[in-house]
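Visitor: So you can see what is in the structure, the chains are spelled out below.
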Amino acid sequence: MTNSLRQHTGGTASLVVGTTLENRYMVIRVIGSGGMSWVYQARDMRFPSVTRLVAVKEMLNPSKDAAIRATAVQSFEREANLLATLNHPAIPRIYDYFTIGERSFLCMEFVNGKDLEAILTESSDFLPVTKVAHWGADLCSVIHYLHNHQPPVIFRDIKPSNIMSDEHENIRLVDFGIAKLFEPDRKGTMIGTEGYSPPEQYRGEAGPLSDVYALGATLHHLLSRRDPRIEPPFSWHDRPLRGINPAVPEGLDQAVMKALAYEPTQRFPDMKTFGAVLAQFEEGGRPVVIQSAEASPGISAVVPSGPENAIKPKWVFACEDEIRGTPVITKGMILAGAYDNNLYALKPSSGEFIWKYAAEGGLTGRPAIVEDMIVVGSEDKRVHAVSLTTGKVVWTYFTEGPVRSSPALAEGHVFIGSDDSKLHAINALYGRGAWKTEVDGPVRSTPLPSGDRIYFGCESGDVYAVDLRGDLKWKFHAKRPVTSSPCEANGLLYFGSVDNLLYATDIKSGWAVWRFRTNHAIISSPAIAQGIIVFGSADGRIYGVDANSSKEKWHFETEGQVTGNPLIFQGLVFCGSVDKNLYCLELLTGKLRWKFETGGPITGGITANEDMIVFGSTDHKLYALPW
Amino acid sequence: MAPITRIRSRRSTKSAPPAELPNDIPMFRSGIAYDVGRVRQSNEDCLIAITSLQQGDAVSPYYGLFVVADGMGGHDLGEKASLLAAQTFAREVVAKFGTQFLGGVAENSESIQEVLESAMSLANQAVMLNLPGSGTTLTAALIFSKQVFLTHIGDSRAYFVGKEIRQITHDHSLVQRLVDQGHISTEEAGRFAQRNVLLKAVGQVEGIETDFLTVPWEHGSRLLLCSDGLWGVLSDSEILRISKNYPSPQDAAVALARQANTMGGPDNISVVIVEMTGEK
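Chains as they are written, first to last, in numbering that gives the first Met the number 0: chain W, 0 to 626; chain E, 0 to 279.
Chain E on its own, in the form it takes in the complex:
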């Protein structure tokens, strides 16, 4: 994280007035909140946030990788599964993508989709082999070159939160399936008894299919990744309202988690908020 320190120290130098320095260096600002909630004994969620910056004649001045996983399974299997999956996934993406970011040559010509899918497949195998009987959701965003590349399995979500709030991922859950097919309304979905039944999870079956999508970075928006401990408790409009109230992504993430706890905190809460500044 050396580049961050350098940029900050340069800005805070009093001898050079800030106005003379163009404040247009692309930079991530991210905030996280991670809490067990008010009901559960242990935290089965896991989150990872990696931001990388570079300046110079490089293809891209930045990339970021953000992962939220929500584990399930008896005893301590759930928390182990989410961590194992998230770490395995991130390790693979950083090995391939991080190397390329730093000017290294990719070993083969995998597309970003293939990199993310093979990382998900490795995470899936790792959980199946090492923690049979457990499973986890996994939602990850790779940010690079004004694009957000998303991959996910399960019901941990990604949103753009700006003037409005827009959900980007599509849950792999029974209740979402019923909504899609018009059998129940979005309102009924909120009260549906089997809200927590997933159609797929990492670590359950071999050859799992993962959702991949790419969306251009929404200028002026924040990217929010969260587990169902947040979105299952707070409405979209509450999330939007709280996010708007806090200029700092870190403060916003904590405020969101605090509000989820105020509402009872029935489940573990993981929140990642990413903001990009200086990006033209």
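Okay, chain W solo, but in the shape it has when bound:
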């Protein structure tokens, strides 16, 4: 072979169109290439009066060692002879083989069609499940033939690009991985790119059950459209078929997962058995329940029994308007503000009324306890401090706008925001203003005092860090309002914004560390425990995100916007939704423990003690549930 035959100088270019090999095969076009090999469409000139097309596969033998090269050529010829003895309609016929210099050639039947990878790429939606099942059953049949050939042939490289659907829509196996013979041993750090190969193949072992696995992987790819070559190997359980493509019947899902079992002995014992199962899911196939008991471990779909309505409230207390705030539990008392302007004090055990305090505007925040007082902001523009024992006012403090923020306590002061665009610092015992800091918009989030600083969000989209004198330390700008109240862990500050993002910023400098995107506004205030940050979004989901890596650990879909604040308590997440339900999820997995339906959207937060959780709903009621 001389370089003049090549499109480029250098030994690794493809043949030029028009080149004739062995005075017989004229190259018409390049069909494909793969590193050290090329496939050409060629015309067999032995039949000058008709156009007989063949496929010619060219393989480069790169070894510089003559002895190694000779061994590789011998193996190639042995393999070519073996392939020539195969006789199955799904296997292209081998016509010829020859070696020229450092290149070996294999001539075979030209298959006019498309490979399954191309078919999958060109389709914009999932392929019809019955069609994939039909292909699978046909492939089982041809691979079964190979396995029972004497000597047995292990295909070793089943994947969508090695399978073609010809012009008659019949399945053809097109590449017997013969090029592998020429790959030199690779040493040192290297990349595993297999994706379709079973674990034992990484140990250099391949048997019939390896082909079962690779076919399972191929079917998984075809049904899920998720390319296993770009996913971690053996991560099938992370991509449940039916979770991705709901059209896949459960039995087919189980069959694919069984083929993909890590241990070869857990897979189908042979291709025939696998094929029989797949045939049930072809067009017109009979739906037969397959051995679900033998399904691979880890795919059982056990639903916890009766998660709904299993919870009966300990008590319910009715107010005269919506409850949008968060109650608190203290000293034998539950305190909750309502939109009917009242702050209610109830007995935790029974929900019995103790006293109420009337403000002149709705109460939407979470009250805070200061010594024997309760402090709460109101839409009447005031902050009220009320005696816990008598329910009578101790002091009031006037701002210049409705107060929708909740009070936070530190260093003997109450810190609270107002729609007057200020953060107010108020002496907790006497209600005297210590200072106020003017910002760029209403402050509705709850300030977070931590160390010698106070952090709070603003409707201007800014988050501020001020010191205990109210002097600005840093300011961070989100694109839309920050109503969500910040929380802190491990030196990072977390908050949501109406710009759909949850932010983590460095608490010392305010520099953004990461942001996590949801599909709608985040008004809900995040909660954090065990390295998981939990928050709701108006996209209807409750999210659990790894606080350090920003990776989503789980999300739970509700039927309405989630604007209320989640509570994390004893490994459980409690969160309300506009769909009227209160959800109880497992913190680590996001799995539903139970849900409880109220008469209206739940937009406030939740409080808990050892006995119960307490929350309000816009159905005007305050609920106490055992948990």
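Wrong hints could be hidden among the right ones.
Unchecked claim - Below, a list of computed lysine to aspartate or glutamate pairs in the DMTMM-like style, where the Cα atoms sit at most 20 Å apart:
(1) E:LYS145 - W:ASP461
(2) W:LYS552 - E:ASP179
(3) W:LYS550 - E:GLU109
(4) W:LYS435 - W:ASP466
(5) E:LYS145 - W:GLU487
(6) W:LYS391 - W:GLU410
(7) W:LYS590 - W:ASP618
(8) W:LYS421 - W:ASP461
(9) W:LYS552 - E:ASP210
(10) W:LYS550 - E:GLU116
(11) W:LYS550 - E:GLU237
(12) W:LYS130 - W:GLU168
(13) W:LYS63 - E:GLU274
(14) W:LYS550 - E:ASP179
(15) W:LYS435 - W:ASP379
(16) W:LYS550 - W:GLU487
(17) W:LYS130 - W:GLU282
(18) W:LYS620 - W:GLU596
(19) W:LYS552 - E:GLU208
(20) W:LYS507 - W:ASP451
(21) W:LYS474 - E:GLU109
(22) W:LYS472 - W:ASP461
(23) W:LYS130 - W:GLU249
(24) W:LYS550 - E:GLU113
(25) W:LYS355 - W:GLU410
(26) W:LYS478 - E:GLU113
(27) W:LYS507 - E:GLU109
(28) W:LYS550 - E:ASP56
(29) W:LYS472 - E:ASP56
(30) W:LYS507 - E:ASP56
(31) W:LYS474 - E:ASP56
(32) W:LYS507 - E:GLU217
(33) W:LYS478 - E:GLU109
(34) W:LYS507 - W:ASP461
Don't read these hints as lab results, they were simulated from the structure.
In this text, all values refer to a predicted model and were calculated from it rather than measured experimentally.
Chain W is already provided as a structure; the job is to place chain E on it using the hints.
Guide: Frame of chain W; chain E shown alone:
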């Protein structure tokens, strides 16, 4: 590095007794070791250590960027890939982060995660375009404001070494995947034949996903970055023991590499040890 010199000279002035100067200026002390090992002909690793200090009314008095990369590929491709990736990565981070550190305004509001990820993506593209057929691991730590921001691809590792040793990164390797799935034990992993098979590397495919994580600086600990030429040869407890024996990070780094060579030095060895002093 002018600030370092100034601080040192101030401390060594004999007319001002050291006791009167508060020794609480945050400062990095870092040490590196870089060796071809006993078996390989060339060193396909690369490491970069950048420390920056400032005093004054600044947001942060320091930041540091530390990178270890372990290249792979025939001929001299591996060493070229690791250097190209590490330099491309560091250049991008310094351009964005270093500017902000010195009071410059960031051009857009990228988060630290986005800065590190775009730097990794540039490194990936650079290797793909310029050195096809090669690849490299890349593990980088950006230290700033008591936080360590880590990003990595491949099996070069980051550890905290203090009273105990704790691995922070999670290898993108076949053997790690098998351990995670419970198919083999950590013990078996040490003997696993395909220990060097990576699931991803810089310069292999477009749009590579990188791991990002942030961990608060462990007070009293050292941060160790190393290639598999170190961790593949020395056990965690050996690394811990040797690190404890040397008060100077530089001495510790060299001692670790020396011990890896004593154990046969089968692969290139890169070690970066970072210590923070004066940080309250």
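Visitor: Next step is simple, just say for each hint if it's right about the structure.
Guide: Against the structure, the hints:
1. E:LYS145 - W:ASP461: The given pair, whose Cα atoms are some 24 Å apart, is violated under the 20 Å limit.
2. W:LYS552 - E:ASP179: With Cα atoms ~16 Å apart, W:LYS552 and E:ASP179 stay inside 20 Å; holds.
3. W:LYS550 - E:GLU109: Holds - the C-alpha atoms of E:GLU109 and W:LYS550 are around 17 Å apart, at most 20 Å.
4. W:LYS435 - W:ASP466: With a Cα-Cα distance of about 12 Å, the restraint between W:LYS435 and W:ASP466 holds, given a limit of 20 Å.
5. E:LYS145 - W:GLU487: Distance of about 15 Å is within 20 Å: holds.
6. W:LYS391 - W:GLU410: Status violated; Cα separation ~24 Å.
7. W:LYS590 - W:ASP618: Not satisfied, since the Cα-Cα distance of roughly 27 Å exceeds 20 Å.
8. W:LYS421 - W:ASP461: Given that 20 Å is the threshold and the Cα spacing comes to 13 Å, the pair holds.
9. W:LYS552 - E:ASP210: Given pair W:LYS552, E:ASP210 holds - Cα atoms ~14 Å apart, limit 20 Å.
10. W:LYS550 - E:GLU116: holds (14 Å)
11. W:LYS550 - E:GLU237: violated (33 Å)
12. W:LYS130 - W:GLU168: Satisfied, since the Cα-Cα distance of roughly 10 Å is no more than 20 Å.
13. W:LYS63 - E:GLU274: violated (49 Å)
14. W:LYS550 - E:ASP179: holds (18 Å)
15. W:LYS435 - W:ASP379: Measuring from Cα to Cα gives roughly 19 Å; hence the hint holds.
16. W:LYS550 - W:GLU487: Holds: W:LYS550 and W:GLU487 sit about 18 Å apart, inside 20 Å.
17. W:LYS130 - W:GLU282: holds (7 Å)
18. W:LYS620 - W:GLU596: holds (12 Å)
19. W:LYS552 - E:GLU208: holds (16 Å)
20. W:LYS507 - W:ASP451: Answer holds: W:LYS507 to W:ASP451 is near 11 Å, not above 20 Å.
21. W:LYS474 - E:GLU109: It holds: about 15 Å lies between the C-alpha atoms, which stays within 20 Å.
22. W:LYS472 - W:ASP461: holds (13 Å)
23. W:LYS130 - W:GLU249: holds (16 Å)
24. W:LYS550 - E:GLU113: holds (13 Å)
25. W:LYS355 - W:GLU410: violated (28 Å)
26. W:LYS478 - E:GLU113: holds (17 Å)
27. W:LYS507 - E:GLU109: holds (17 Å)
28. W:LYS550 - E:ASP56: violated (35 Å)
29. W:LYS472 - E:ASP56: holds (11 Å)
30. W:LYS507 - E:ASP56: holds (13 Å)
31. W:LYS474 - E:ASP56: Satisfied, since the Cα-Cα distance of roughly 16 Å is no more than 20 Å.
32. W:LYS507 - E:GLU217: holds (16 Å)
33. W:LYS478 - E:GLU109: holds (13 Å)
34. W:LYS507 - W:ASP461: holds (16 Å)
Of the hints listed earlier, those the structure fails to meet are numbers 1, 6, 7, 11, 13, 25, 28, in rising order.
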